[in-house]
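Protein chains: 2
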Amino acid sequence: MGNHPQGIGKKRFKIDLEPIGRRVEVEAGVNLLEAAQKAGVDLVASCGGIGLCGTCRVRVIQGEVTPPGLTEEEALDLQQISSGYRLACQTFPLSDVRLDIPPESLTAAQQLQIEGYEVAAQFDPAVSIIDLDLHEPDLDDLRSDLTRVNEYLAGRGFAPLQGELAQMAELSTFLRAHDWQARLVVRPWDGTSLFTAVFAPGSQVAGLAMDMGSTKLALYLVDLENGATLTRTGVMNPQIAYGEDVVSRIAFANKSAENLNLLQSRLVETINLALLEMCGQVGITVAQVVDVVAVGNTAMHHLFCGLPVQQLGAAPYVPVVSEPINARAREVGLRVADGAWLFLPNNIAGYVGADHVSALLATHAYAAQKTTVLVDIGTNTEISLTHQQRVYSCSTASGPAFEGAHIRDGMRAAAGAIDKVRITSQGVQPTTIADAAPVGICGSGILMAVSEMLSAGIIDERGVLNRADQRVRSNNGRAEFLLVPASSTGHGRDIVVTRKDVNEIQLAKGAIRAGINILLAEAGLSPQDVEEYIIAGAFGTYLDLNSAIHIGMFPAVPLERYRQVGNAAGVGAKQMLLSRRQRAEATRIVGRVHYIELTTYPAFTGTFVEAMYMKTG
Amino acid sequence: MGNHPQGIGKKRFKIDLEPIGRRVEVEAGVNLLEAAQKAGVDLVASCGGIGLCGTCRVRVIQGEVTPPGLTEEEALDLQQISSGYRLACQTFPLSDVRLDIPPESLTAAQQLQIEGYEVAAQFDPAVSIIDLDLHEPDLDDLRSDLTRVNEYLAGRGFAPLQGELAQMAELSTFLRAHDWQARLVVRPWDGTSLFTAVFAPGSQVAGLAMDMGSTKLALYLVDLENGATLTRTGVMNPQIAYGEDVVSRIAFANKSAENLNLLQSRLVETINLALLEMCGQVGITVAQVVDVVAVGNTAMHHLFCGLPVQQLGAAPYVPVVSEPINARAREVGLRVADGAWLFLPNNIAGYVGADHVSALLATHAYAAQKTTVLVDIGTNTEISLTHQQRVYSCSTASGPAFEGAHIRDGMRAAAGAIDKVRITSQGVQPTTIADAAPVGICGSGILMAVSEMLSAGIIDERGVLNRADQRVRSNNGRAEFLLVPASSTGHGRDIVVTRKDVNEIQLAKGAIRAGINILLAEAGLSPQDVEEYIIAGAFGTYLDLNSAIHIGMFPAVPLERYRQVGNAAGVGAKQMLLSRRQRAEATRIVGRVHYIELTTYPAFTGTFVEAMYMKTG
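Chain order of the listed sequences is A and B.
Read in our numbering, the first sequence has 296 at position 296, and its numbers run on one by one without any break.
Read in our numbering, the second sequence has 589 at position 589, and its numbers run on one by one without any break.
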């Protein structure tokens, strides 16, 4: 998440820290928080500098820095951003820079005061916390327990409580055991206050936001009293064991009701375990989690909800439910407060899901005044084009190559993965994650490798390896390019790029580019007409834009038109957890979307084949 | 239910049947249906003459008959009643009578046409039945299943469907398996249509109304498409095993959570079994029961709902919930449609429950223009006084004596129970239910016996047996009165009335009369100011009014001011099952009630002691 420096060559910049008057010189790629630390200026950074806490605010007075990413847009309001405020941990210098450090960002300052700042003005969660302090019944006050609670609620502007019988029994027992005092959590809904949970006075109350990707799940635990993100985590989607992509999982689910249940329960078990761990980290119980927002593609959405997916496996790919879902979290088996709620925003079509709606929400791409393309890269890539207040969306099967899958020496983005490659006359210069000895190539590495191989003439536009090139060797008659010899790798085996690897990248980038081109064609636009390209998704954050443009995955427009925003779907989920208005906004987005089904789109095949060629344009 | 003839002496009346022109002579106590049958005129009587089907309508042209009861008020509208229409099976001649038999009441007439007439104009159930006939999805119609259903609903004036995830899954699977046709049952609620059940097209859809008395449960199975009562039954409340009255059951429940669960689950099991049998009788499954209305006193209401009852066991006797309850029927464990609903109207106080609200609703006593007293006799007797649009209510512990309990030779009203007694100079003349050899005395029998013993000088006003009277014998030193000698009984043992028996009746009638007197005192009225006394409850239907007045249980006002209406609470429950307006009306009733807590009422003890004396007044 956030922006990483794009250059590789290690330029050095001078950073001036005002009003303290310190100066430090750092290499490109060092963020402003690290720079300040190097200068001996301790900024508040409760989260350890990962963009979570929003406390390391600085103001850029002079010089050029990387543009603000989604994490910062979450933590700062527009006025602050336009005044030059940034999160130091998320910002990288692009020139010499002069910074103003506000007093509250220094560790000497009162830290509590600004915690929770992250949520800005939009904090308006779907549940309300009410501290009950009731008059005990006596002979002059014969009101029933519920009447007693309802009149207290009415005095504070809340509608009457509505709950299940067991919840009313729980509330009554709790109140009598706690001297008629309690922290009540309700969900205001259509003229009632739906019972959610009851706690001892002062208990912390939390919510869970989730982006359920086909491959990875991103979870955010948020304090629902002040909006602060308590912790976050990413775990693998356990459904991978039953199919790498959603199409194969749908096929698996269709074999029996047990299979469908298995996919559902494995997913929920994994979430439950991750949540248990997160709650342990911050010292709360899962019963204190009273609200959940989940987004995912339509198949993940249905599998999570236990809805049939058979009809998603064949044309016309109709969802069972496209409407926003408000359910009890226990309906899907989530181990949270028994009365906790679950919200899933609406999806657009069988293959453009609530996760894309969430990404549109987080990036505001749907409401952009500028002509904007949002590309949310995953195993399935969803693309939207906003032009003159119209939104065109499609989904394209980019496959898991960018996750490192289906690549001979591919791996996920972990320590030892080659994430960047330069091929010059001096040879191959790879860099790896955590500077470990290379053991494989991750998505951004293989993308850059293919781009560099094209520049170096090792492959041609069709992706064919040039056997005449001495750097291309033959392995049992198959051409391959040696990236790192066994002697330099962590596992003692060669790391190579094969013709098939190149082809996987061509398929993936061709699918994405074809999607972009078809949306543009629908709107009668050329790639140059687009003023902003927003690239979302974990891979989208780390990919090298120059490489992506060089091989024609993205249109050749000036780099400053691109914005890499990280897991926008997850950020959108968190926004919806914190704000009812954002939920309502998500619902409205779908009404503005003109969906284009690529599988039946006449020009798709031709466009796709054309887009597989590797050429800038 | 319905009115029984009050006299015992067998007068004979002539019945003229027009326009057929038949005449028949019958004894008093023979209803008009039996009279017609005796005359060879076959009236439609689908239910067998028990007031259920509303098909045996006749018009009284000349002569005097018993006044219409609740059963008839249910089956006929006001205009019909004022035109002289009556149900033949519920009406008894009080003089020679001339009847007009409308053609549709003759068996030759089309029977189906008038079935369901019972519900009159008020049929407006809480659930709606919608026959779905949907367009199958195709490439030009990519709407999700739910959108498809919602747009169909919108076209018919229904709000969007709201349901649990499993229900959406069920609906989707059902529609795909049934060519997109289904009978959908929803509950319109606050701008949504709550999913209730889905069936094959044409399936019958039913509802259950229940009056849960401390001793007996009355169940009514109703067709929710036309309002017809399909069948009804009465079963014993199994909680009797854990305490005869609600006070002892509350004490039992308070001992442990298991005990509370036991009382709840035994009750629901009994209801489930009774319902299974009823459904079997009419050829439907319990899954076709989609709506339930239940009434009961506050303790029964809480025990049924699994709500804590501890606080009902001690002053200030505060209910957990006094508000109307709308819940899923499965929350209490009812085996009906999984999505079926359960409604319980609001209660008034810890000891004036939803059953009394239901009785007020059914009798319209709460809205009476005349000054009216409603007495709903049970183990607990609830009493309301309506005067100048104000309703005063109280509850009084009359005990189970009128159910035959706590009486030496007491029994429930079953075959062989003495239900009427005359004591003259010729001796004791008992009559028994079903004319069987006497085996005990039921409530109405012991009431009448005590009244006759008072008239005959066998007991005095204090209830003391007159040992000087030769009809009073001594049994181990205790005075008793021989009602039936062993030689004439069914079991070969004497049936007697003891001093203790008389005292039980005094306690019961004293509690009821004290309640009436205190309400009258609150309103500044005398018994003579009351224009109508409505006596409800099973026992209230069969008691001999003259006897009750003679011993001072009821005020001495002309007999025609009394109306015996049977199980009004049950009828009210059925009305609420059939009509949303009646549910809303029940809610409004409580707002008009001024509740008087007798246990802390200063004058109660004195009034109660005074009311135990047996004297007319």
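Because the hints were derived from the structure by calculation, they are not lab data.
Even for Gly, the Cβ is constructed at its ideal location relative to N, Cα and C.
Treat the hints with care, as some may be off.
Unchecked claim - A few chain B residues facing chain A, derived, Cβ under 8 angstroms:
#1 Leu165
#2 Ala169
#3 Phe174
#4 Ala177
#5 Gln181
#6 Val320
#7 Val321
#8 Ser322
#9 Ala349
#10 Ala468
#11 Asp469
#12 Val472
Structure-based check of all given hints:
1. For B/Leu165, the shortest C-beta to C-beta distance to chain A is roughly 5 angstroms, which falls under 8 angstroms, so the interface hint holds.
2. Proximity of B/Ala169 to chain A holds as hinted, the smallest CB-CB distance being about 5 angstroms (cut-off 8 angstroms).
3. Proximity of B/Phe174 to chain A is violated relative to the hint, the smallest CB-CB distance being about 11 angstroms (cut-off 8 angstroms).
4. Using the Cβ-Cβ criterion of 8 angstroms, the hint placing B/Ala177 at the interface with chain A is not satisfied: the shortest such distance is roughly 11 angstroms.
5. Taken as an interface hint, B/Gln181 does not check out: its beta carbon lies about 17 angstroms from the nearest beta carbon of chain A, beyond 8 angstroms.
6. About 4 angstroms separates the beta-carbon of B/Val320 from the nearest beta-carbon of chain A, less than 8 angstroms, and the hint is met.
7. With its C-beta approaching chain A no nearer than about 5 angstroms, B/Val321 sits inside the 8 angstroms limit, and its interface hint holds.
8. Interface hint status for B/Ser322: upheld, as the beta-carbon distance to the closest one in chain A is roughly 4 angstroms, under 8 angstroms.
9. A hinted interface residue such as B/Ala349 counts as satisfied when its beta carbon comes closer than 8 angstroms to some beta carbon of chain A; here the least separation is about 6 angstroms, so the hint holds.
10. Using the Cβ-Cβ criterion of 8 angstroms, the hint placing B/Ala468 at the interface with chain A is not satisfied: the shortest such distance is roughly 48 angstroms.
11. The interface hint given for B/Asp469 is violated, since its Cβ lies 47 angstroms from the closest Cβ of chain A, which is over the 8 angstroms cut-off.
12. Below 8 angstroms, beta-carbon pairs count as interface contacts, and B/Val472 has none with chain A, the closest being about 46 angstroms; its hint is therefore violated.
Checked against the numbered hints above, the structure breaks hints 3, 4, 5, 10, 11 and 12 and satisfies the rest.
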